[in-house]
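Chemist: Sequence:
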Amino acid sequence: MGPELSKETAMETQQVSSQPSHRVALPETTWDQVSEPGAYVERGSGDLYRVPQEALGPASPIIKKQSLGASRLVKVSSNPFITTLEARMLCAEANISPNF
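Numbering (the numbering used here), first residue to last: 1 to 100.
In case anyone wonders, no lab produced these hints; they're calculated from the structure.
Errors might be hidden in some of the hints.
[What the hints assert, rightly or not] Cut-off 20 Å, straight-line C-alpha distance, at most; resulting in silico cross-link-like pairs (EDC-like, lysine to aspartate or glutamate):
| # | residue 1 | residue 2 |
| --- | --- | --- |
| 1 | K65 | D32 |
| 2 | K75 | E86 |
| 3 | K64 | E86 |
| 4 | K75 | E36 |
| 5 | K64 | E93 |
| 6 | K64 | E28 |
[Said to hold, decoys possible] Now the in silico label distances, taken between C-beta atoms and shown as ranges:
| # | residue 1 | residue 2 | range |
| --- | --- | --- | --- |
| 7 | F100 | A70 | 28 to 36 Å |
| 8 | P58 | S97 | 15 to 23 Å |
| 9 | S97 | T29 | 13 to 21 Å |
| 10 | I63 | N99 | 15 to 23 Å |
| 11 | T29 | Q66 | 13 to 21 Å |
| 12 | L85 | I62 | 13 to 21 Å |
| 13 | P58 | A25 | 26 to 34 Å |
| 14 | A59 | L85 | 15 to 23 Å |
| 15 | P61 | E93 | 16 to 24 Å |
Computed from a predicted model, the values in this text were never measured in an experiment.
Virtual Cβ for every residue (Gly too), placed ideally from N, Cα, C.
Please work from the sequences and hints to get the whole structure.
Modeler: Okay, structure coming up:
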């Protein structure tokens, strides 16, 4: 009974789940098209930008970024105050190297 039981246990631990993982594609945008509050990560640099609702109003200061290249922003959350750890984890799922 002893050797058979250990074989069964060994076989159970070797099983791997064949369930596909469910991934959601995160929306991408440019600086000019940011119209909703949220946490955005620049795909090239991995920098995190928090855009609260107040930053989108007509009386708010305008964000200007000058660069020779085009910036692609990935919206990782609708919550601009998402925790850094959670934002980093979402970046990892989207194959973005976070720089924050």
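Chemist: Run every hint past the structure and note whether it holds.
Modeler: Cross-check of the supplied hints:
1. K65 / D32: 10 Å, holds
2. K75 / E86: 13 Å, holds
3. K64 / E86: Violated, at about 27 Å.
4. K75 / E36: 10 Å, holds
5. K64 / E93: 29 Å, violated
6. K64 / E28: 18 Å, holds
7. F100 / A70: 28 to 36 Å: 21 Å, violated
8. P58 / S97: 15 to 23 Å: Violated - the Cβ-Cβ distance for P58 and S97, about 35 Å, lies outside 15 to 23 Å.
9. S97 / T29: 13 to 21 Å: 19 Å, holds
10. I63 / N99: 15 to 23 Å: Check passed, 18 Å falls within 15 to 23 Å.
11. T29 / Q66: 13 to 21 Å: 18 Å, holds
12. L85 / I62: 13 to 21 Å: 30 Å Cβ-Cβ, so the 13 to 21 Å window is violated.
13. P58 / A25: 26 to 34 Å: 31 Å, holds
14. A59 / L85: 15 to 23 Å: The hint (15 to 23 Å, Cβ to Cβ) is violated, given that A59 and L85 are roughly 33 Å apart.
15. P61 / E93: 16 to 24 Å: Distance hint for P61, E93 is violated at roughly 32 Å.
The structure fails hints 3, 5, 7, 8, 12, 14, 15 (numbered hints given earlier, in ascending order).
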